[in-house]
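Q: Listed below are the residues making up each chain.
Protein chains: 8
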Amino acid sequence: MDEHGITPDWQRESRIGIGEAVYCAGKNAEQIGRILALAGERQQSLLLTKLDARRFAELDAAAHRRLDFDPLSRTAVLDYGLPTAVPARIGIVCAGTSDMAVAVEAQRSLTFHGVSASVIGDVGVAGLWRLLDRLDEIAAWRVVIVVAGMEGALFSVVAGQVPGLVIAVPTSVGYGVAAGGTTALHSALASCAPGVVVVNIDNGFGAACAALKLLRVFASA
Amino acid sequence: MDEHGITPDWQRESRIGIGEAVYCAGKNAEQIGRILALAGERQQSLLLTKLDARRFAELDAAAHRRLDFDPLSRTAVLDYGLPTAVPARIGIVCAGTSDMAVAVEAQRSLTFHGVSASVIGDVGVAGLWRLLDRLDEIAAWRVVIVVAGMEGALFSVVAGQVPGLVIAVPTSVGYGVAAGGTTALHSALASCAPGVVVVNIDNGFGAACAALKLLRVFASA
Amino acid sequence: MDEHGITPDWQRESRIGIGEAVYCAGKNAEQIGRILALAGERQQSLLLTKLDARRFAELDAAAHRRLDFDPLSRTAVLDYGLPTAVPARIGIVCAGTSDMAVAVEAQRSLTFHGVSASVIGDVGVAGLWRLLDRLDEIAAWRVVIVVAGMEGALFSVVAGQVPGLVIAVPTSVGYGVAAGGTTALHSALASCAPGVVVVNIDNGFGAACAALKLLRVFASA
Amino acid sequence: MDEHGITPDWQRESRIGIGEAVYCAGKNAEQIGRILALAGERQQSLLLTKLDARRFAELDAAAHRRLDFDPLSRTAVLDYGLPTAVPARIGIVCAGTSDMAVAVEAQRSLTFHGVSASVIGDVGVAGLWRLLDRLDEIAAWRVVIVVAGMEGALFSVVAGQVPGLVIAVPTSVGYGVAAGGTTALHSALASCAPGVVVVNIDNGFGAACAALKLLRVFASA
Amino acid sequence: MDEHGITPDWQRESRIGIGEAVYCAGKNAEQIGRILALAGERQQSLLLTKLDARRFAELDAAAHRRLDFDPLSRTAVLDYGLPTAVPARIGIVCAGTSDMAVAVEAQRSLTFHGVSASVIGDVGVAGLWRLLDRLDEIAAWRVVIVVAGMEGALFSVVAGQVPGLVIAVPTSVGYGVAAGGTTALHSALASCAPGVVVVNIDNGFGAACAALKLLRVFASA
Amino acid sequence: MDEHGITPDWQRESRIGIGEAVYCAGKNAEQIGRILALAGERQQSLLLTKLDARRFAELDAAAHRRLDFDPLSRTAVLDYGLPTAVPARIGIVCAGTSDMAVAVEAQRSLTFHGVSASVIGDVGVAGLWRLLDRLDEIAAWRVVIVVAGMEGALFSVVAGQVPGLVIAVPTSVGYGVAAGGTTALHSALASCAPGVVVVNIDNGFGAACAALKLLRVFASA
Amino acid sequence: MDEHGITPDWQRESRIGIGEAVYCAGKNAEQIGRILALAGERQQSLLLTKLDARRFAELDAAAHRRLDFDPLSRTAVLDYGLPTAVPARIGIVCAGTSDMAVAVEAQRSLTFHGVSASVIGDVGVAGLWRLLDRLDEIAAWRVVIVVAGMEGALFSVVAGQVPGLVIAVPTSVGYGVAAGGTTALHSALASCAPGVVVVNIDNGFGAACAALKLLRVFASA
Amino acid sequence: MDEHGITPDWQRESRIGIGEAVYCAGKNAEQIGRILALAGERQQSLLLTKLDARRFAELDAAAHRRLDFDPLSRTAVLDYGLPTAVPARIGIVCAGTSDMAVAVEAQRSLTFHGVSASVIGDVGVAGLWRLLDRLDEIAAWRVVIVVAGMEGALFSVVAGQVPGLVIAVPTSVGYGVAAGGTTALHSALASCAPGVVVVNIDNGFGAACAALKLLRVFASA
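If you're matching them up, the sequences are chains A, B, C, D, E, F, G and H in order. At the far end of the first sequence sits residue 241, using my numbering, and the numbering has no gaps. At the far end of the second sequence sits residue 241, using my numbering, and the numbering has no gaps. At the far end of the third sequence sits residue 241, using my numbering, and the numbering has no gaps. At the far end of the fourth sequence sits residue 241, using my numbering, and the numbering has no gaps. At the far end of the fifth sequence sits residue 241, using my numbering, and the numbering has no gaps. At the far end of the sixth sequence sits residue 241, using my numbering, and the numbering has no gaps. At the far end of the seventh sequence sits residue 241, using my numbering, and the numbering has no gaps. At the far end of the eighth sequence sits residue 241, using my numbering, and the numbering has no gaps.
It is worth saying that the hints were derived from the structure and are not from the lab. Cβ coordinates follow ideal geometry from the N, Cα and C atoms, glycine included. Possibly wrong hints are sitting among the right ones.
[As the list claims (entries may be wrong)] If the Cβ cut is set under 10 angstroms, some of the chain E residues that face chain D in the computed set are: (1) Ile-26; (2) Ala-77; (3) Trp-161; (4) Arg-162; (5) Gly-180; (6) Val-182; (7) His-206; (8) Val-219; (9) Phe-225; (10) Cys-229; (11) Ala-231; (12) Lys-233; (13) Arg-236.
[Unchecked claim] Taking CB as the label site, the calculated pair distances span: (14) Asp-99/H / Ala-73/A: 37 to 47 angstroms; (15) Ser-34/H / Leu-92/E: 45 to 55 angstroms; (16) Ser-136/E / Glu-78/D: 50 to 60 angstroms; (17) Glu-78/D / His-84/B: 26 to 36 angstroms; (18) Ala-159/G / Glu-78/H: 51 to 61 angstroms; (19) Asp-99/A / Ala-49/C: 37 to 47 angstroms; (20) Asp-72/G / Asp-156/C: 49 to 59 angstroms.
[Said to hold, decoys possible] Below are the DSSO-like pairs computed for lysine-lysine, each with C-alpha atoms no more than 27 angstroms apart in a straight line: (21) Lys-70/F / Lys-70/G; (22) Lys-70/H / Lys-70/A; (23) Lys-70/B / Lys-70/D; (24) Lys-70/A / Lys-70/C; (25) Lys-70/E / Lys-70/C; (26) Lys-70/G / Lys-70/B.
I would like the entire structure built from these sequences, with the hints used as guidance.
A: Shown next as structure tokens:
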């Protein structure tokens with residue numbers, strides 16, 4: 021713990037294979053700045069999530085210079101030497117354009133850890149042919165991160181068609197009963213397709229972490 | 021109002037095209053018996069819904085003799101001359117065997133009013149081929165009553181594929197977050213497929229009534 | 021899918037009779053602009069929904085020039101030749117002035133697809149005479165889109181009086197227990213009047229789509 | 021407090037005009053028996069509410085002899101001299117036969133305190149003519165206790181038509197979204213008709229108490 | 021209905037004793053202005069509720085000139101000759117300073133209809149002596165409007181102590197589990213004190229309307 | 021872990037001052053029997069909670085012989101030498117007779133650990149004099165366990181009047197909005213009286229444990 | 021579809037690697053019997069889940085003879101030649117004895133598909149030493165199925181300590197706010213440990229399916 | 021009550037040992053200013069809570085001069101002579117940097133009443149070593165205020181390891197299912213560790229008050 025009461029878990033990567041990341045919602049600019057400074061002292065790369073454009077603007081010039089910030093996904097990367105990203109038979113499927121922000125959060129989280137993954141967008145079930153057209157590609161993946169809001173029917177349809185593990189990421193896209201993402205979340209959890217696993221609403225980062233853990237533990241055969 | 025405070029709405033059929041029906045949950049055997057007697061005095065056919073086997077058993081011998089009771093759908097028919105049921109390009113699609121009770125409630129409600137409708141069962145999206153095999157048949161219907169519990173993905177998939185009006189009937193089939201049917205209900209309401217309309221959880225009767233209203237008003241061109 | 025991962029479902033109209041529409045909430049100006057460009061390339065008319073005034077203002081000049089934007093209903097129309105709207109015995113009933121925005125969303129969605137529909141406003145049940153005065157007019161419609169917030173008593177009263185199919189559109193108008201529209205939604209679903217069907221809160225577009233599907237499938241007798 | 025830790029509030033009547041009543045749900049037969057004994061020692065009449073038939077059966081012979089038990093409304097009266105019930109321009113309106121149990125709870129609570137009130141049943145809004153037929157009678161009452169489950173549209177319709185105070189008693193009658201009575205409750209609270217007041221779900225006793233307080237304080241002009 | 025689809029219920033006062041009032045949340049300035057104009061044509065006084073300062077500022081100069089606006093209670097009065105307010109043994113009790121806005125909404129609604137009522141503030145149960153000090157005064161009222169947020173314990177304590185009818189107005193004051201007012205609402209509905217009646221969260225206007233109906237119907241003995 | 025996968029935390033008492041207890045809901049008779057056997061082998065006294073009469077009846081004769089079972093509070097004690105219970109300025113206040121089961125669970129949990137505590141029952145705020153009569157006694161306690169269901173107003177009233185720490189135990193007593201205890205729970209959490217702390221619904225055992233921890237850590241001055 | 025409307029998805033195993041299983045809740049004995057018959061015709065092994073003892077007892081003698089039924093986990097196996105189960109570095113961790121039923125459902129689902137997995141029970145965080153004692157063993161697994169009810173703290177603690185993928189199975193064990201399992205579910209979804217994935221409440225079968233999919237797709241390198 | 025209807029409970033400290041504090045959410049600047057003036061007249065120190073920076077800025081110059089305002093914790097102190105803060109074996113443990121605002125609210129509330137308490141930050145269970153490193157320090161405290169958002173696993177882990185009373189303060193930190201703090205709240209209430217007590221979401225002040233009550237009543241042995 022430094023004098024501001026901040027204790028990053030720098031040992032996390034060696035313990036569980038995922039590096040410390042900084043959840044920025046609920047932290048003020050001063051707190052985020054201090055964490056960046058601690059990382060800087062160690063030359064430690066860092067991933068920042070849920071960093072909205074307004075909070076990013078409040079950070080100081082040094083932070084702006086060092087961070088690779090993406091406003092759509094609200095992620096930023098502090099890069100002190102990151103691995104080159106290579107494919108790993110992991111991919112992302114995204115129901116609608118409104119869900120793309122969360123899909124990109126997952127994609128950038130994977131990239132940060134050395135895994136490149138493509139995103140197949142706009143394949144919501146209202147026009148099923150769009151998904152069926154891409155099914156062979158998706159069926160080749162070992163892990164399929166499916167990002168969907170509204171009623172989340174895509175989770176079940178994909179999981180019933182392909183052998184890879186479906187990690188469902190419900191999004192807060194929608195209104196009325198879908199507002200906030202609970203309908204998509206429950207839809208994923210109650211899926212009639214066996215073996216769907218689920219992360220929190222809008223948690224593209226968490227889905228990426230699960231995929232990364234899998235790569236690591238199955239590589240260490 | 022008779023002396024027991026019961027006032028059936030015998031004028032309903034002439035007004036809106038759907039006859040009075042008796043919702044039996046929350047009524048005791050004496051109250052149901054009295055309504056049957058009132059109908060008997062008028063030689064009026066009646067549909068009884070949500071009549072469980074235990075309550076049916078408590079009714080008297082006269083009721084048992086006159087009623088055609090189906091325990092699966094918890095419906096009973098008091099028949100003082102009903103129209104012969106004929107097809108009308110209306111059909112019922114049912115996600116799983118557990119949803120069949122509600123599908124049959126819809127089917128029997130249609131039959132009571134002179135419309136025969138077939139039920140296509142066990143076409144949940146976990147095995148999409150089962151639905152795709154039947155799609156041509158379903159696409160010929162003007163009204164498609166879709167009955168599904170759990171995550172209700174079937175509503176969106178059907179509605180995105182066929183031109184008929186999809187009336188979604190969410191069911192209370194499921195456990196955990198799906199218990200009670202709220203997940204399927206919200207899934208139907210938040211569907212990404214345009215034009216899905218929804219009735220209350222387990223309300224096969226209501227879906228049938230909507231279909232019947234359509235037949236009548238569109239016939240009266 | 022274009023290079024931005026956008027795949028409009030241009031085949032939707034031929035498949036289900038409703039054209040692709042653009043749900044604008046959750047899309048940024050760049051994404052909406054790109055969809056407009058794709059439509060422009062095909063000379064394809066488009067309906068945009070849930071487009072608030074601030075997002076509309078962020079669109080570029082070309083979009084402003086081509087779009088017919090209505091701030092009350094948050095809809096915009098991209099017109100590359102639309103059918104003339106004609107009456108079809110479909111109408112809209114609206115409980116209060118606060119619900120008018122959603123009623124107009126339904127009306128403009130119908131107009132876009134070639135159906136003109138009048139709106140009868142301010143007939144909430146607190147002053148029942150206002151509704152009873154218009155009942156003959158409403159009873160002539162085949163489909164009645166009823167738009168109401170707060171406690172949504174209007175759904176049941178209309179549905180019990182007229183033969184047309186009532187499509188209930190609950191609105192988010194209200195405060196306290198009515199905030200967000202759940203009370204009106206549940207009121208519609210639990211209606212004691214048989215055959216009411218329901219769409220998501222504030223979903224005037226969805227109600228219109230259901231009506232349009234009906235016109236098309238019953239026309240194709 | 022007696023040696024069993026029971027302290028009836030015998031002073032309640034003089035303080036607020038309503039006598040102590042015994043809420044029997046959650047009390048075992050021994051506890052109810054002890055309260056009856058305490059009342060017997062004082063020759064104190066008592067009203068028991070939410071006393072189901074099974075619990076009543078567990079009470080001892082002395083209790084069975086002294087109590088006037090009504091299984092429909094789950095009320096019992098211990099009578100050590102009650103006032104003769106007289107009319108007071110208070111009445112009860114009840115949406116459906118399934119709501120009658122709660123309406124009778126209100127009626128018997130009034131009778132216990134010396135007020136006779138009639139119940140008008142089966143006037144749900146699905147068949148509006150039934151209510152309109154009785155409107156003159158209802159308009160003469162100073163307090164109208166309206167009992168309704170499902171979507172509770174009756175609360176708003178009555179309150180918009182008559183000058184008396186509407187006390188809404190939502191009931192737990194219904195299924196799906198109406199299960200448990202929350203939809204009717206919220207409908208009453210969000211009523212577009214001004215001045216509706218509401219009590220807890222199934223609380224016919226509470227509505228009667230409110231009416232009784234009004235009679236007493238307005239009599240003491 | 022005028023050409024803007026607005027149909028005020030001018031007959032309401034003669035029917036139920038409460039004049040038409042304008043619920044301003046969800047109406048834009050143009051709609052409110054039109055209603056004011058319709059009232060002006062008839063020289064009809066009007067009460068406006070839930071009119072926040074920003075919406076008020078958007079109204080035109082004529083409206084600003086004619087309206088008596090109170091930003092705390094978000095009410096405005098259009099006065100074409102109102103009755104002088106006189107006391108009627110009705111009063112308002114308010115738990116904390118944060119609840120005062122809703123208490124004043126009730127007070128101004130009463131004044132508009134010719135009834136003056138005093139407000140006793142800051143008598144929350146955390147310091148019970150403050151309430152006990154004022155109990156004699158409150159016990160003289162026939163109707164006691166109790167306004168409280170957070171846990172709403174004040175409803176039960178007052179109702180257990182005084183003979184007048186307690187109309188509970190739960191407020192949205194509070195945070196955490198109390199946010200939005202549901203805790204206070206449920207507390208009022210579940211009160212262990214018999215005869216408490218309840219209106220919607222923050223609905224000071226509704227409580228006043230109920231009191232006014234009582235005055236009128238009990239005066240017409 | 022024994023061969024049945026059961027690993028009691030026998031070290032708990034030395035670590036935190038509270039012995040291992042057995043939560044019996046969700047355990048079958050075989051599992052409970054095995055835990056009793058493990059305790060018997062060590063001559064270890066045990067407290068069993070949430071043990072309903074039916075499950076107790078399923079235990080074997082040896083268990084019946086050794087256990088002191090109380091059906092009201094659903095607790096049982098396996099006694100291999102327990103400390104004599106002595107007073108410690110801790111007491112229990114209980115709103116109504118229906119809440120007594122939970123109050124006794126707290127009392128027996130204290131007794132098991134060597135602390136005797138009296139229960140003051142039936143002091144709900146509907147009749148405030150009952151509480152005020154006992155206030156001096158309660159004000160002498162250092163910890164006041166307050167047990168209440170329904171609206172839970174008692175928590176705030178007691179906490180505003182006495183210096184001891186109020187541990188609120190909301191109960192599931194009530195119906196309608198109070199069903200299940202959430203209203204009382206939220207009432208306790210949102211209390212306007214500062215310093216109220218809360219345990220789970222019906223968790224008399226937990227309240228006792230908190231009190232016991234306090235006695236121990238403050239004794240070790 | 022056979023003549024009873026039943027269409028098992030026999031192709032599922034070849035498509036996604038998990039065989040058809042029968043969810044028995046909501047199916048009557050006749051329906052389950054018919055499915056067993058269909059499987060028998062094909063000599064197809066089947067796993068039955070959520071089959072409670074009462075429903076099992078209603079099945080016919082042939083079913084009783086062929087099924088290996090486990091009442092604790094409510095699973096049954098129809099065995100027409102199953103693979104020998106072998107270890108695969110997958111294991112199950114279980115918080116308390118009450119959670120064991122769900123843990124065994126996961127274990128038997130794995131066994132059915134040829135994977136043996138051990139269960140480490142009773143390692144809830146209230147006694148952290150029990151978990152820490154077993155940490156080396158758990159850290160060797162590639163997939164860790166963690167089963168916990170109540171507050172579900174175990175999910176985060178395990179996931180923060182070991183490299184394997186944690187699949188959280190929240191259970192319905194608990195009372196008050198934990199009743200039904202929602203608290204444990206939300207705890208898993210909101211975990212501060214990165215990469216936890218979650219299945220529905222009590223869905224041990226689903227967790228096993230996810231693990232099986234992983235084994236299969238990562239084996240097919 | 022002064023002429024603005026404000027009645028501070030100046031007697032609270034003598035009655036329950038905690039001075040009157042001012043909850044500023046929902047109060048406007050004028051109301052807060054008036055309370056400060058009343059305190060100034062009595063030379064009474066005051067603690068203000070939930071005072072956000074915008075409201076603070078609206079106060080007048082006199083208030084700005086006298087108040088010690090902390091924007092992170094949204095607290096301000098009006099100091100007319102406060103006791104020197106001394107340690108009392110009470111401490112605060114905080115899961116993450118985002119929870120620090122609430123931890124500091126607790127700390128400053130203690131300081132105001134003469135108790136100094138240190139805060140141990142950033143010890144969330146995702147990196148358990150951080151907590152274990154500080155366990156000896158925490159085990160020496162008599163009261164441990166634990167502040168955590170998201171899934172709140174820290175409450176159970178700490179409570180299972182140390183003898184002091186754990187007062188859980190759930191925070192609104194988190195998103196998706198954790199938004200608003202309900203998940204952390206329920207996690208605390210459902211803790212498997214015995215004796216955890218809980219205050220409202222974000223209520224650091226309330227936790228401090230409970231600790232202060234304990235110090236006072238246990239000192240008065």
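Q: Hint check: is the beta carbon of Val-219/E less than 10 angstroms from a beta carbon of chain D?
A: Since the shortest Cβ distance to chain D is 6 angstroms, the answer is holds.
Q: Grab the minimum C-beta distance from Gly-180/E to chain D and call the hint holds if it beats 10 angstroms, violated otherwise.
A: holds, 7 angstroms
Q: Run the distance test for Lys-70/B versus Lys-70/D: straight-line Cα separation, threshold 27 angstroms.
A: holds, 25 angstroms
Q: Mind checking the CB of Ile-26/E against every CB in chain D and telling me if the closest is under 10 angstroms?
A: violated, 15 angstroms
Q: Falls inside 45 to 55 angstroms, the C-beta gap from Ser-34/H to Leu-92/E?
A: Roughly 33 angstroms apart at Cβ, these two residues miss the hinted range, so it is violated.
Q: Verify the interface restraint on Arg-236/E: the C-beta must sit less than 10 angstroms from at least one C-beta of chain D.
A: holds, 6 angstroms
Q: Would you check the hint for Lys-70/H and Lys-70/A, treating anything up to 27 angstroms between C-alpha atoms as holding?
A: Distance ~25 angstroms between Lys-70/H and Lys-70/A Cα, so the pair holds.
Q: Regarding the pair Lys-70/G and Lys-70/B, is the alpha-carbon distance no greater than 27 angstroms?
A: Holds, at about 25 angstroms.
Q: Please test the hint of 37 to 47 angstroms on the beta carbon pair from Asp-99/H and Ala-73/A.
A: holds, 39 angstroms
Q: Do the alpha carbons of Lys-70/A and Lys-70/C lie within 27 angstroms of each other, as the hint requires?
A: Holds, because 25 angstroms separates the two Cα atoms, which is no more than 27 angstroms.
Q: Mind checking the hinted window 26 to 36 angstroms against the Cβ distance between Glu-78/D and His-84/B?
A: holds, 32 angstroms
Q: Per the CB criterion, is Arg-162/E less than 10 angstroms away from chain D?
A: holds, 4 angstroms
Checked against the numbered hints given earlier, this structure breaks hints 1, 2, 15 and 19; the rest are met.
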